[in-house]
Amino acid sequence: MKPPTQRGHFPWRWSAPGLLYLAIVIGFSIAAPAFPSIENALNILVQMTPVAIGSLGMTFVLLTAGIDLSVGAVMFLTAAVGGALVVSSGWPVAAAVPMMLLAGAAAGCANGCLVTRLGASAFIVTLATMFVARGAGLWITQTRAINLPDVFRGLATGRLGGVPLPVLVLILAFVSAHILLTRTPFGRRLYAIGYSRDAAQTAGLPVGRTICLAYVISGICAALAGTVQVSQLAAVSPNLGQGIELEMIAAAVLGGTSLFGGRGTAAGAILGAAFVQTVRNGLNLIDADPFIYPIVSGVIILLAVLIDSWQQRRESPRRTHMSAA
Amino acid sequence: MSTPTLELAGIEKRFGEHRAVRAVSLACEPGEILGLVGENGAGKSTLLNIIGGVLRADAGAMRLAGQSYAPSNAASALAAGVAFVHQELNLFANLSVAENLSLSALPTRGGLICRRRMRERAAEALCAVELNLDPTLPVASLSPGERQLVEIAKALMSRPRVLLLDEPTSSLTERETQLLTELMQRWKREGIAVVYVSHQLEHVLRHCDRLVVLRDGAVQAVGAAREFDIARLIPLMVGRSLDHQFPPRTPRRMGPPVLEARGLSRAGVVRNVSLQLRQGEILGIAGLMGAGRSELARMIFGLDARDAGEVFIGGQRLPPRSPRASVARGLAFASEDRRHEGLLLDATIADNMSLASLERFATSPLRRIDHQRIAAAADELVSRLSISCRDVRRQAVRTLSGGNQQKVVLARWLMRDAQVLLLDEPTRGVDVGSRQHVYELIRQAAARGAGVLLISSEIEELLGMCDRILVLSAGAVQAEFEREDFNRDTLMAAAFAAVRGRYS
Amino acid sequence: MDRDVPPVKRFDWRRAGSQARAVPLIALLIACLLPWRPEILSLYNLESLALAIALLFVLAMGQSFVMISGGIDLSQPAVISACGVAGAFCFAAPDPSAGAGSSVVLGLTVMLCTGIVVGAAQGLAVAYLRLPPLLVSLATLMVVGGGTLWATQSNRYELPGEFTRIWYARPAGVPIPLLIVAAVAVVAHFALAHTLFGRRLYAVGQNATVARIAGLPVERTIASSYVVCGFCSGLAGVFYSARLYTASAELVENDVLLDCIAAAVIGGVSLSGGKGKVTGVLAGAVFVALVGNALNLLGLRYWHVLIAKGTVILLAVALDAAGRSRRA
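Residue numbers (the numbering used here), protein chains in the order written: chain A, 1 to 325; chain B, 326 to 829; chain C, 830 to 1157.
No lab work stands behind these hints: they were computed from the structure.
Note that the coordinates shown come from a computational prediction; the quantities given were computed from them, not determined experimentally.
Think of the CB as a built atom: it goes at the ideal place given N, C-alpha and C, for glycine as much as any other residue.
Errors might be hidden in some of the hints.
[Said to hold, decoys possible] So the derived label-pair ranges between C-beta atoms look like this:
#, chain 1, residue 1, chain 2, residue 2, range
1, B, Arg511, A, Phe260, 36 to 44 Å
2, B, Thr433, A, Pro98, 23 to 31 Å
3, B, Arg500, A, Phe260, 28 to 36 Å
4, B, Ala430, A, Ile179, 17 to 25 Å
[As the list claims (entries may be wrong)] In silico lysine to any residue, SDA-like type, Cα no more than 20 Å apart, as pairs:
#, chain 1, residue 1, chain 2, residue 2
5, C, Lys1104, B, Asp671
6, C, Lys1104, A, Ser121
7, C, Lys1104, B, Ile694
8, C, Lys1104, B, Gly548
9, B, Lys513, B, Asp491
10, C, Lys1104, C, Phe1019
11, B, Lys513, B, Ala550
12, B, Lys513, B, Ala453
13, C, Lys1104, B, Leu670
14, B, Lys513, B, Ala543
15, C, Lys1104, C, Pro1046
16, B, Lys513, B, Ala549
17, B, Lys513, B, Ala352
18, B, Lys513, B, Arg664
19, C, Lys1104, B, Gln720
20, B, Lys513, B, Glu354
21, B, Lys513, B, Val544
22, C, Lys1104, B, Arg718
23, B, Lys513, B, Met482
24, C, Lys1104, C, Asn984
25, C, Lys1104, C, Arg1049
26, B, Lys513, B, Pro560
27, B, Lys513, B, Cys452
28, C, Lys1104, A, Gly119
29, B, Lys513, B, Gly548
30, C, Lys1104, B, Ala721
31, B, Lys513, B, Ala390
32, B, Lys513, B, Thr494
33, C, Lys1104, B, Arg664
34, B, Lys513, B, Leu670
[Unchecked claim] Which residues of chain A face chain C? A few of them, derived with a C-beta cut under 8 Å, are:
#, residue
35, Met99
36, Leu101
37, Leu102
38, Cys113
39, Leu114
40, Val132
Please model the complete structure; the sequences and the hints are all you need to start from.
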């Protein structure tokens, strides 16, 4: 038979950004003695949880060659819903949180149905729903910040067996996402649809339903991320989640998810989010000028993408077609 | 007697005003291999799509083993026992072989995929096509021939009564084609009815039991395969008699070398290939799939990278990675993937034709484009190449048939008066009538002094058109044949030579 | 016989593009609002509407060049602010020997050049380094935005009167911004429809590989589209800072980016590249600006405006989809 060719199973697409990450960790460890410690590592994990959870959900959508720009606004909307339920209607937190997740799912379902029924690009649809969700959230909060009871803060600072609760939530989300993607028919269909929508249709796969479900998951992740974020701040402020969707997309792409669909992993999303947060954490520890943060983040993203692109070009030299959204 | 497995009666299908299928009736017995031949646009694919449930017929009836058969979609056709292996492969390269085989019905246990059962199912399916692969491999790592076999395995998994094969050999190597032939004989014995569509007429004549010839959507002739030969088939398909398939060779004077390649190499793909192409010469490149022919052409043109080697045009060195420089020096390249690398499908015919010559139509100082002149030049080429179309300025190239599309690609280079034409499978997916035109064009270009590098998988095409043939095998030049030594068998032997050593 | 060729109708809706659909939408919108807010057609409102359209159109036009090449530029808001600030720095350190007029020219040049330079940098990254445009422009947004913030330390800079008078000047009764926008529209239309660059841009956007094989300078074309976009962002920076008399790192909110992309997409520019016309972008800009203006006139709160804008975009998309399926 054929001589054994490069029959790789696992595309180590993020190995180069991985090396860069290692370099950054080493650099910060030297520059700030407080950096390389368990406490700090946990700190990073806790801080990165909202973006990480969001980028997990985003991965589902990106796999179908779609995009969800409304994630930040949905975070805000679900947080507003939860805040209103707890503060104004006196609901107990334990009942409010499931409602928030449900709201997120509903928003995701709306996104999914619009994208599949209208046949329009996900970019423009989720752009529009982003407007609507932010507006709806501002309506509920009347553009004022809502202060949440201390119970919420307990969610952020509490620990179970020494592990902060948010990190447990993150681990749970990651494990669920990974199983969904690799071990369920739904997950495999996502990859198929992302590779070729037409072939998936011809093969008789339930394309519309699968894509819709991807957006629902993204909505639930947005709500979960909103819950964690809000518990850390113990308040719902009008600019909650503003611009965070781009961070989540960047995290997913840094982790090896392709914007064209068909390629991506849950682990990659987590690593991408870790990347961005590690940099931010390191800058904080070395007392960098706060104005520097976005510059450094931007440069790091550029570097990581540069390395990844160079690597990809080595693997498939014929890829010359470039496209955006 | 036994009822036919598949019966079609009076099938009609229109697309707007165009009658794609006209009152087609045919029958296929169990264990029979029915060949379906015809030009592009004759309705073969439409007919297969109707049988396979992808399209609905406007009129007529189908019967499957005597029962009424009217599938509403591909899935219900499959459930009824009709499996369709498309020409464009429908596998998902980012999933594993096993996942692809079971995708529409993944075995689960408690909501999760049961990998063991999936692997077993896959191993069984692959066994049926004699493909020895690890089913957990991603399809991306398979060759086109292996992928085609996986597609066939997938179709067989449903234990079909009818198997529809649309150009199955287009991605197969000679060895895999041989395997397919053996499989077809096995299916015969198992009583599966096979409908086999192909442009490769010799193959069809040799391996099918009966033939149906379609022209303009209607059945022109039906009969046992042994009653037909190419000479009889072509007029039935085309509606006029052709004296020979290839334009007559006129003695040509060949000039000095216009293209020279020395020591071209890329690891694992091409090994130290050197060649010379003279003015007015048609040089054929033969070889099996994967021998490195297309890669060689792309390297010469500058589209793909090379590890070593130089290319010279008219004695001057060509920069290694610049299609722009190549085109400027008179090179032309027609990729084998016409739809993705040859044409801007949604652009007009005029736009496509003028794509390589835009500077010619741009007047300084603002580089204003002269649309009138472009349209005029395009019209001239349309009539010269007998391209059937309506309006060069407004008609999108996507609406043209494969043959006409290929002519547009060639027209682009003729408009530029290219001196070296690198043509990769220029007649793939092209109907017989257009093929004639393409051969004429190539001859004319050579007569005017251009050098032509012709890559083709059809030995007859190379034997009929070329002055010289190079045989590539496993990336290296295996043999070179001058016209007087042309011989199908020695050519094939050369193509296989290195391969056998590697595979044993 | 051309039996496999569908007849080409006289007026091919498929090629007419979305701009033909935006026009009836605009008419519908005005018709709906007229009974409630007749002042929508007042000269005063029309003028402020026209200026809003002008700004949006310039930005959307720049974005369209990039989108036609198959990319996207998310960095526009940051570049606008950066250009304004660069000009302000230039004014803050004047050359005492030169007259006031030349410093305005210098300031203008600096603003436009800043846009061009940033655009060129992005263009090089996308075209020659083959980086994905979404991430490159996102990184640029962060770097340039952060850089501007750092350079200004969050301060505002007042701009000299001679400069801000640009926005308010009215040669022959027509506000300068409108004249400039008309010029931009004419030049852009000419460039896209009638020049070598335009042909190349469309080809590269439709299929870069085919363009490359045909010998087109793919990288140069793509990079140029980003330079054009940068120039447009610089021009917008001139307008915004002149209108507001100040330059700061927060000259425009990020909302304007969404408006501008919406204007382009509603105007028929395809996100996957290769399609788009100036008339379409103009219609899209009119539409989006009109929606904003109408909502303002209706005295709605900010969140109503957001919800309404989102719904309107969805409606436009739905109408587009319905139109497409009816024709198919």
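For each hint, the structure was consulted:
1. The hinted window of 36 to 44 Å between arginine 511 of chain B and phenylalanine 260 of chain A holds, with their beta carbons roughly 40 Å apart.
2. For threonine 433 of chain B and proline 98 of chain A, the hinted distance range of 23 to 31 Å is satisfied, since their beta carbons lie about 27 Å from each other.
3. Under the hint 28 to 36 Å, the C-beta atoms of arginine 500 of chain B and phenylalanine 260 of chain A, about 34 Å apart, fit the expected range.
4. Look at alanine 430 of chain B against isoleucine 179 of chain A: about 20 Å separates their beta carbons, and that is inside 17 to 25 Å.
5. About 10 Å separates the Cα atoms of lysine 1104 of chain C and aspartate 671 of chain B, which keeps this hinted pair within 20 Å; it holds.
6. Taken as a hint, the lysine 1104 of chain C and serine 121 of chain A pair is honoured in the structure, with Cα atoms around 15 Å apart against an allowance of 20 Å.
7. For the suggested pair lysine 1104 of chain C and isoleucine 694 of chain B, the alpha carbons sit about 18 Å apart, so the restraint of at most 20 Å is met.
8. A hinted pair counts as satisfied when its Cα atoms are at most 20 Å apart, and lysine 1104 of chain C with glycine 548 of chain B does not qualify at roughly 50 Å.
9. Only pairs whose Cα atoms come within 20 Å are accepted, and lysine 513 of chain B paired with aspartate 491 of chain B is accepted, the gap being roughly 18 Å.
10. For the proposed pair lysine 1104 of chain C and phenylalanine 1019 of chain C, the alpha carbon gap of about 15 Å is at most 20 Å, so the pair holds.
11. About 15 Å separates the Cα atoms of lysine 513 of chain B and alanine 550 of chain B, which keeps this hinted pair within 20 Å; it holds.
12. With a C-alpha separation of about 14 Å, the suggested pair lysine 513 of chain B and alanine 453 of chain B falls inside the 20 Å cut-off, and the hint holds.
13. A hinted pair counts as satisfied when its Cα atoms are at most 20 Å apart, and lysine 1104 of chain C with leucine 670 of chain B qualifies at roughly 13 Å.
14. For a cut-off of 20 Å, the pair hint linking lysine 513 of chain B to alanine 543 of chain B is broken: about 27 Å separates their Cα positions.
15. Distance check on the hinted pair: lysine 1104 of chain C and proline 1046 of chain C sit about 19 Å apart at the alpha-carbon level, within 20 Å; holds.
16. In summary, the hint linking lysine 513 of chain B to alanine 549 of chain B is supported, as the alpha carbons are separated by about 16 Å, within the 20 Å threshold.
17. The hinted pair formed by lysine 513 of chain B and alanine 352 of chain B meets the criterion: a straight-line CA distance of about 16 Å does not exceed 20 Å.
18. With a C-alpha separation of about 35 Å, the suggested pairing of lysine 513 of chain B with arginine 664 of chain B is violated against the 20 Å cut-off.
19. With a CA separation close to 16 Å, the supplied pair lysine 1104 of chain C and glutamine 720 of chain B stays within the 20 Å bound.
20. Of the supplied pair hints, the one linking lysine 513 of chain B and glutamate 354 of chain B holds, its CA atoms being roughly 10 Å apart against a limit of 20 Å.
21. A distance of roughly 24 Å separates the Cα atoms of lysine 513 of chain B and valine 544 of chain B; the hinted pair therefore is violated under the 20 Å criterion.
22. A C-alpha spacing of about 16 Å is found between lysine 1104 of chain C and arginine 718 of chain B, which places the hinted pair at or below 20 Å, so the restraint holds.
23. Only pairs whose Cα atoms come within 20 Å are accepted, and lysine 513 of chain B paired with methionine 482 of chain B is accepted, the gap being roughly 16 Å.
24. Distance check on the hinted pair: lysine 1104 of chain C and asparagine 984 of chain C sit about 41 Å apart at the alpha-carbon level, beyond 20 Å; violated.
25. Straight-line distance between C-alpha atoms of lysine 1104 of chain C and arginine 1049 of chain C comes to about 19 Å, which keeps the hinted pair within the 20 Å bound.
26. For the given pair, lysine 513 of chain B sits about 30 Å from proline 560 of chain B by alpha-carbon distance, which is inconsistent with the 20 Å threshold.
27. The straight-line distance between the Cα atoms of lysine 513 of chain B and cysteine 452 of chain B is roughly 18 Å, inside the 20 Å bound, and the hint therefore holds.
28. Annotation: proposed proximity of lysine 1104 of chain C to glycine 119 of chain A holds, straight-line Cα distance about 18 Å (limit 20 Å).
29. Between lysine 513 of chain B and glycine 548 of chain B, the direct Cα distance comes to roughly 18 Å. Compliance with the 20 Å bound is thereby established for this hinted pair.
30. Among the hinted pairs, lysine 1104 of chain C with alanine 721 of chain B is consistent with the structure: their alpha-carbon atoms are about 14 Å apart, no more than 20 Å.
31. A distance of roughly 16 Å separates the Cα atoms of lysine 513 of chain B and alanine 390 of chain B; the hinted pair therefore holds under the 20 Å criterion.
32. At most 20 Å may separate the alpha-carbon atoms for a hinted pair to count; lysine 513 of chain B and threonine 494 of chain B meet this at roughly 18 Å.
33. With a CA separation close to 18 Å, the supplied pair lysine 1104 of chain C and arginine 664 of chain B stays within the 20 Å bound.
34. For the hint linking lysine 513 of chain B to leucine 670 of chain B, the alpha-carbon distance of about 41 Å lies beyond 20 Å, and the restraint is violated.
35. The restraint placing methionine 99 of chain A at the interface with chain C is violated, with a minimum CB-CB distance near 21 Å, outside the 8 Å limit.
36. About 23 Å separates the beta-carbon of leucine 101 of chain A from the nearest beta-carbon of chain C, more than 8 Å, and the hint is not met.
37. This hint is violated: leucine 102 of chain A has a C-beta 21 Å from the nearest C-beta of chain C, more than the 8 Å allowed.
38. For cysteine 113 of chain A, the interface hint is violated, since its Cβ never comes within 8 Å of a Cβ in chain C; the closest pair sits about 11 Å apart.
39. For leucine 114 of chain A, the shortest C-beta to C-beta distance to chain C is roughly 7 Å, which falls under 8 Å, so the interface hint holds.
40. For valine 132 of chain A, the shortest C-beta to C-beta distance to chain C is roughly 4 Å, which falls under 8 Å, so the interface hint holds.
Checked against the numbered hints given earlier, the structure breaks hints 8, 14, 18, 21, 24, 26, 34, 35, 36, 37, 38 and satisfies all the rest.
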